[in-house]
Each structure stands twice: as structure tokens, then as C-alpha cells.
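*Asks:* Keeping their order, the protein sequence lines are chains A and B.
Letter by letter, the first sequence follows residues 0 to 435 in numbering that gives the first Met the number 0.
Letter by letter, the second sequence follows residues 0 to 435 in numbering that gives the first Met the number 0.
The hints are simulated quantities; they were obtained by calculation from the structure and are not laboratory data.
Heads up, the beta-carbon is just placed ideally off N, CA and C, and yes, glycines get one too.
Simulated DEER-style distance windows between Cβ atoms:
{"no.": "1", "chain 1": "A", "residue 1": "T162", "chain 2": "B", "residue 2": "N83", "range": "47 to 55 angstroms"}
{"no.": "2", "chain 1": "B", "residue 1": "P402", "chain 2": "A", "residue 2": "T248", "range": "30 to 38 angstroms"}
{"no.": "3", "chain 1": "A", "residue 1": "P195", "chain 2": "B", "residue 2": "K43", "range": "30 to 38 angstroms"}
{"no.": "4", "chain 1": "B", "residue 1": "T202", "chain 2": "A", "residue 2": "E314", "range": "56 to 64 angstroms"}
{"no.": "5", "chain 1": "B", "residue 1": "H112", "chain 2": "A", "residue 2": "A217", "range": "30 to 38 angstroms"}
{"no.": "6", "chain 1": "B", "residue 1": "K409", "chain 2": "A", "residue 2": "D393", "range": "41 to 49 angstroms"}
{"no.": "7", "chain 1": "A", "residue 1": "A217", "chain 2": "B", "residue 2": "A392", "range": "38 to 46 angstroms"}
There are 2 protein chains.
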Amino acid sequence: MGSQYKDLNNNASNKSPQFGIMFDIDGVLLRGKTPIPQASESLKSLLDETGTRFAVPAVFCTNGFGLREVKAATLSEKLGVEVNPDQIVMSQNPLEMFHEYHDKWCLVSGPEHDGGSVKVAESLGFQKILTIEDVRKAYPYLDWVDRARWPKETVDDDDSFPTIEAVVLLGEPVRWETNLQLILDVLLTNGKPNRPGEMNQRTHLPVLAVNMDLLWMAKAQTPRFGHGAFLVCLENLYKKITGSDLEYTALIGKPSEVTYEYSQKLIEEIATSMNITELTTVYAIGDNPLTDIYGANMFNKFLQRKRKDIAFKKEEIKKQMEKQLTRSPVMPRAKRNGISDRSAKKAIRLAADNHIALHGDITNVRGVNRCTSILVCTGVYKAPEPGTEEAEADVDHGHRDLPYTAEMTKADYIVEDVKNAIDTIFRVEKWKPLYG
Amino acid sequence: MGSQYKDLNNNASNKSPQFGIMFDIDGVLLRGKTPIPQASESLKSLLDETGTRFAVPAVFCTNGFGLREVKAATLSEKLGVEVNPDQIVMSQNPLEMFHEYHDKWCLVSGPEHDGGSVKVAESLGFQKILTIEDVRKAYPYLDWVDRARWPKETVDDDDSFPTIEAVVLLGEPVRWETNLQLILDVLLTNGKPNRPGEMNQRTHLPVLAVNMDLLWMAKAQTPRFGHGAFLVCLENLYKKITGSDLEYTALIGKPSEVTYEYSQKLIEEIATSMNITELTTVYAIGDNPLTDIYGANMFNKFLQRKRKDIAFKKEEIKKQMEKQLTRSPVMPRAKRNGISDRSAKKAIRLAADNHIALHGDITNVRGVNRCTSILVCTGVYKAPEPGTEEAEADVDHGHRDLPYTAEMTKADYIVEDVKNAIDTIFRVEKWKPLYG
Numbered sequence: 000m001g002s003q004y005k006d007l008n009n010n011a012s013n014k015s016p017q018f019g020i021m022f023d024i025d026g027v028l029l030r031g032k033t034p035i036p037q038a039s040e041s042l043k044s045l046l047d048e049t050g051t052r053f054a055v056p057a058v059f060c061t062n063g064f065g066l067r068e069v070k071a072a073t074l075s076e077k078l079g080v081e082v083n084p085d086q087i088v089m090s091q092n093p094l095e096m097f098h099e100y101h102d103k104w105c106l107v108s109g110p111e112h113d114g115g116s117v118k119v120a121e122s123l124g125f126q127k128i129l130t131i132e133d134v135r136k137a138y139p140y141l142d143w144v145d146r147a148r149w150p151k152e153t154v155d156d157d158d159s160f161p162t163i164e165a166v167v168l169l170g171e172p173v174r175w176e177t178n179l180q181l182i183l184d185v186l187l188t189n190g191k192p193n194r195p196g197e198m199n200q201r202t203h204l205p206v207l208a209v210n211m212d213l214l215w216m217a218k219a220q221t222p223r224f225g226h227g228a229f230l231v232c233l234e235n236l237y238k239k240i241t242g243s244d245l246e247y248t249a250l251i252g253k254p255s256e257v258t259y260e261y262s263q264k265l266i267e268e269i270a271t272s273m274n275i276t277e278l279t280t281v282y283a284i285g286d287n288p289l290t291d292i293y294g295a296n297m298f299n300k301f302l303q304r305k306r307k308d309i310a311f312k313k314e315e316i317k318k319q320m321e322k323q324l325t326r327s328p329v330m331p332r333a334k335r336n337g338i339s340d341r342s343a344k345k346a347i348r349l350a351a352d353n354h355i356a357l358h359g360d361i362t363n364v365r366g367v368n369r370c371t372s373i374l375v376c377t378g379v380y381k382a383p384e385p386g387t388e389e390a391e392a393d394v395d396h397g398h399r400d401l402p403y404t405a406e407m408t409k410a411d412y413i414v415e416d417v418k419n420a421i422d423t424i425f426r427v428e429k430w431k432p433l434y435g
Numbered sequence: 000m001g002s003q004y005k006d007l008n009n010n011a012s013n014k015s016p017q018f019g020i021m022f023d024i025d026g027v028l029l030r031g032k033t034p035i036p037q038a039s040e041s042l043k044s045l046l047d048e049t050g051t052r053f054a055v056p057a058v059f060c061t062n063g064f065g066l067r068e069v070k071a072a073t074l075s076e077k078l079g080v081e082v083n084p085d086q087i088v089m090s091q092n093p094l095e096m097f098h099e100y101h102d103k104w105c106l107v108s109g110p111e112h113d114g115g116s117v118k119v120a121e122s123l124g125f126q127k128i129l130t131i132e133d134v135r136k137a138y139p140y141l142d143w144v145d146r147a148r149w150p151k152e153t154v155d156d157d158d159s160f161p162t163i164e165a166v167v168l169l170g171e172p173v174r175w176e177t178n179l180q181l182i183l184d185v186l187l188t189n190g191k192p193n194r195p196g197e198m199n200q201r202t203h204l205p206v207l208a209v210n211m212d213l214l215w216m217a218k219a220q221t222p223r224f225g226h227g228a229f230l231v232c233l234e235n236l237y238k239k240i241t242g243s244d245l246e247y248t249a250l251i252g253k254p255s256e257v258t259y260e261y262s263q264k265l266i267e268e269i270a271t272s273m274n275i276t277e278l279t280t281v282y283a284i285g286d287n288p289l290t291d292i293y294g295a296n297m298f299n300k301f302l303q304r305k306r307k308d309i310a311f312k313k314e315e316i317k318k319q320m321e322k323q324l325t326r327s328p329v330m331p332r333a334k335r336n337g338i339s340d341r342s343a344k345k346a347i348r349l350a351a352d353n354h355i356a357l358h359g360d361i362t363n364v365r366g367v368n369r370c371t372s373i374l375v376c377t378g379v380y381k382a383p384e385p386g387t388e389e390a391e392a393d394v395d396h397g398h399r400d401l402p403y404t405a406e407m408t409k410a411d412y413i414v415e416d417v418k419n420a421i422d423t424i425f426r427v428e429k430w431k432p433l434y435g
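Construct the complete structure from the given sequences, taking the supplied hints into account.
*Replies:* Now the structure itself:
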């Protein structure tokens, strides 16, 4: 766990924490609307001496839909700890980083609850939002399953309607037949859905999809459809009609890498505001091996790969720059050999970083090199009976593009509840709570 | 085409027609609500001398949904020929033959237009009909995508609700998320959808599905979702959730065999009422190679296979019976050798027929041994430009269970329109119109 390198890094010697925590909410801190025992106490142990602010950078990451302000207020009220909206990652929040789509005409499909999809899309930075209802009104002969909604009189298409440039799927809508039909129309016509479609085209407009949970546990005995179920329909209709696979420009929400990157970015910003200069580990606490743990493990692999890539690319670029510098006839000899001076080093680092920059404007804090996963038993996951083996999933309920492997769902730690999870982190990080 | 065997079979010598005709409606006789030129004239050439009744057995077979009385009235009005409801095959009509389900509790999913699914199911003989809405009301926590429909107060499940015994899918419903969720709940719980589901069960309740058209041409430039699109969603969600394939007890509507059998049965009943004692050929006229022609060809193959099977089985049974008769010690010698007497022959024939009886109570007229397909160019199909080759389908828009082959979509005859189709039939059958 790397703890052996941190003997001096505990707050007894007045250091800042070199770690951040990413909490899943449902099944870890709350069950529905009810707090899980010791969740409040656990969060309080992360506060500073005054008990008013977090001393350890923490974010709360859910696949739920809605406005982060609302979720922050709920958490604050239920858990008795002041949670800031900036600490919340709703499933759609990483879309904030996709600046290149914010000024494009985006068809937004999603729920109407919790503020609704337009409000949520606006909060993410989208400026040219078109809804399914807008498309229905502009092209009245497309939504054709429900005959009760057929136009009563002859109506014209609205030819001034903008050409759609991207499709943003924020969550499961109602009337799936309408959304499925219009989204496919937009994809098959490159954004002008009253033109004849291309049944066997190979490429399509960018599709950004948020929250790929197939099912989720609500009040019924069996789990209910999530947005992942809608995506199964969309993917398979696209495949049936065109013969090709629907390709997502981005899949967002746990277990996707983007969501972990975004959460890490938030943790870094919080750390910066706390004057923490170095972070080495992010801990992800969750109750669902298929989303929370799978995602954390995948992100950890990504961090390892990235570290290797950076090292390799820096070395490559350094070599190239050295070559250029030593070849440059106008460069004074002193400078040519002076490759070790600060500005050249910085240039090399920046050039190397540019090569590994990812979604949108993410450039991670350089120090973080590990995401450690902690599985709790207060939600979806139940520990196997003593003496029995861990059951492997018979059926892969994860998304098509993120295939199940048993290894990816194995957590670094399995503990009873969030209290034990925090205790584990504190032990590894040699951290002592400051409050209470 | 077998016409060489029928030299004497023309109505100049006062014989009855030995053929029947199965018409597709849309693209052959009507386009939307408008008659196709010469359609009326063509139908009139099938009437008897009085111009009031059909002299040639004819049925009208559509993948549309609704009550046959309504369709018969429309055809009569638009085409100026009195069409009887008994001549109509709506997509769901073959379900009349599935007697074993008529007294079972069936969950019926389908459209609300044209009489609605309950009325249509009743007209087919179903006596214990449960709707999606009934299930929603009995189990208020299942339909969970649309939060506007969540119960406002705590409500109890209705434990007296009958255990569902079969699922009948009559056509595309509205609010697909609701129907998909509840149908899956019923399948995963063997008919008691508030019990915990079996995510990886291997078998499920019988599913009867009507009309598998993926898309259909309406007013928009591009075809719209048909019931086949709904089935794609259902099949793929079932597969994703359980890991197994959804298996249909029956797929009904063109191009399924059942629909052709049913149409043939109607033609036979009509022929009987006209005192026609022998039918050898059924002609299927359609505009869609993927449904009308594919189905006719498949049915023709089935008829060939069946004829061979009957011959083989009759021979087998005859041998067995001869064996038994010659072995029987109490049978007088005269009778033992008298295997050629009438009653024994009849017994053999009945026993053989019982071995090949199909869906429900269908026993086909023995004579029909050929289904000839005729493709017209007034609908979906367009003849290739002279000098160019017939384009093969890039993408299979047919149902999962009826895979596309180029051979199956090749018609025995390709003609301009329904008039040419009828002329072709008359020529082959040496038949002269009696009216007009």
C-alpha cells in the first residue's frame, strides 16, 4: 500500500494529508433517505479542529441525476456535516470538462425530475440545448408510435431548425419510443432528421452518455431499469438498423475513467484551496463491486499506465530536444549543453504533459499515482458466508464497452462499513482525526 | 409452375378454380388510404357472373393491427368490391388457432388504437386478459422510470392478482419503458412480478408475438418503428439481464409460417363454402420481398417438406399396420389380407395426418402443395434499372429468428402491378374472368 514510504507523513508532525477520499453515497452513507449508522460520525472525523471544514479532501460521487446543490443540501442535512456543492459529483458533472461541445447544438435526452435535463445541461455549460420535445415540434412526422400524438392537421417541418451537432444522453427519459426514434433519426441523418436517413452509414455524430447503470435498487423487490437499460435499447436498435455498432464519444458516470479523473480533479482543487501541495493516493469507498470498485481499479490501472507513459514520453522528448539543441547552430555552446537549466526542463515537462492530456482540460496533479478501492458491506455487496468462496457474476450487467472481469471487481480492502473504511485509511496514512 | 398438368382445368369446361389468392394490402391494393390504379378492376375480375361474390377464393393479409371488420369495410369502400371480414387476416388473427392459451391468464401488451388490445384479444378468443395497466395497478412499485407516476402514498401490492401464465405481444405499445419493465418482471418471476426475480433462469413463460416488422413507411421520409423495434429492445434487455435468449413460443404475422398456414386455412374454408373440392396452388401477391415474398417462399418450402413427410409417414404407418394385421391371430385371414379395404385406408390416412398436424387445429386441405410468390413494383420494391443487378440487402431488417437469405426473397414472378399479377395467375391457371 506504499505506507512504508510515509513514516514521516502523519499529522502528529503537522503535515497535511497526502490523500483524498471519494465516497459513493447510496449504500455507503445513506440507504435511500436514511443515514447508514456511523456515516455521520465517520464524516466528522475528516473535519478540522473547528468541526466546520474538511481537513481531508473529500468528494461525494454518485451515478444519480440532478443538481449538485440539491444533493449537497441533502447530504448536509442527513449527515450533519456541511457538504459544499463543489464536493459533489453527480453522474453528469464530468461533462463540464467537454468544452468542445458547450457551444455546439446538442440534442439533450434525459429525465425531467430533479430540475430536469435542460437545467442540468445548462449548469454543465451547454449553451445550445435542443430537447427531444423541440425536435418533435420541428418535425411533426417523426414521433409516430403513439397515434394519439399524430398531428390532427397537415403541418410543415421547421426548416430553420438548427442542424444538431452532438447527442447528449443525461439519463433515462420517459416515453422511450419517442427518444429512441428521434435520437436514431438524428444519428442516421447527421443532425437533420427530416432528411432521408443513411441506413448503412459507418460513422455518426458524437454521442456522450451519462450513467450506464443497467438496473438500480428502488422500492420493489427486484432492481428497476436505469439509464443503462435505455442504452441497451438504443445500441441494439442502431445495430439492427445500420448493421454497425453505436460508438460513444464518451461514457460518463461510474465505472468510467472520466468520472474518476473528474473526481480526482475536484479533490485536487479542494486540496489546493487547503494549501495541500502534494497528494499521492485517492481512496474510493463504495458498496458496488461492478461500479465503484471496477471503476476505481480501472482508474488505478490508468494512473499506473499514465505514470509509465509520462516517464517514457519525457525521456523521448528530452532526447529530441537535446538533439535539436545540440544541432542548433545559433545556440551558444553554453546553452546547448545547458539542457539542465530550469526553463528547458519546464518546457520538456509541459511538452510531455501535453502529450498525455486527456478529456477536455484535465491535467492531473502530478503526485497522485494510486487509487485504492475499499468495498463496504452496507449496500449492494454482501460478504460470502464463512467457508464459502466469492461468487463470480454469471451475467455481465455492466456496459457493453466495459466488459466484466473478476479481477476488476476485487477491492483492495473489504470492510464492514464506512467507519471501518475510514479507520483503514487513517491507519495506512498514519492520520489522526482532528475533530471530536 | 406445374401448369402443364392442368390442361383440362380451366373454367371453359365448367370446372372450379383449383387455386386461391392471398393479397397483401398496402403497396398492392392501397397506398395509405388511396387505391392503387387497376386494383379495383383486378379484384372485380375474381368475382362470379353476378359481380357480387368471389369466384376465386381470396384473402387479404396485412401485418396491421385491429379488428378485421374495420379493415373489410375499408377495403370494400375503397375498392368497390364487397370484402367479407372472414377474408381478412390481420397480423394477430392466427392467434385464434392457439386455443391452449385462450383460457390461460395472459398478459396482453399492444396498441390502444383501432379498437385497442383488449378488444382485439377478446375477438381472438382470449378469455382471461390482463393488461400492462392492470399489472401496474396491482404492483405499484414496478413501473419506476417515470417519477411523475410514482405512488404519492404507501400502497400495498394486490396479492389476489392472478398468476400470469403467458405473455401476448399484439403490437407496439406506448411508453415502452413501462411495457418492457413489466413484461421482463413477469418473465423473470414466472408470472408473479412482485416476487424476487431469477436473473439467470434458463426458461420462461410462453411468449406469443405478433407482427415483427422492424420499420414501416408512414408519412415521414424515413421508415418509422414497428413492433419489431419493440421486440429488439425486449430481446436484448432479456439477454442482457439473464444472459439467455428470449424464446418465442410463436412469432405471428408475415413472414412467419403460421400466418401463411392460417391464410391457407381461410382460403380452404372459403373454397369449401364455394363447393370447391380441390385446391392445388395458393398465390401470394405482395410488394415487400422481406415479408411477403420471404414468407411465401418459406411456406412453399414447408409445403414441400410436409408433402414428403406425409408420404413417408403414410408408408411407415401402412407398414406397421400391415405388420399388426398380419400378426393378429383373431383377425380372419380374409381381413388380414384385406388391407386395401376403404376403412383401413382411411385409418391409415388419419393416423398419418395426426402425425403432421400443426399449430392448434390446422389440418390443411390435402391437395395444396404449392405457394407461388408474385412481387409487384407498386410499393416497397423497385425493380433494378435495366442492365444493373438486383441489390442484395446490406443489413438484415428481418427478425432475429428468421435470418435473411437472398434466395428466400426472390419471387417466382416479378410484375408491374396487381393487374399483371392477376393476369399471370389466370394465364398459368387457364382461368377466364367471369364478371365484367
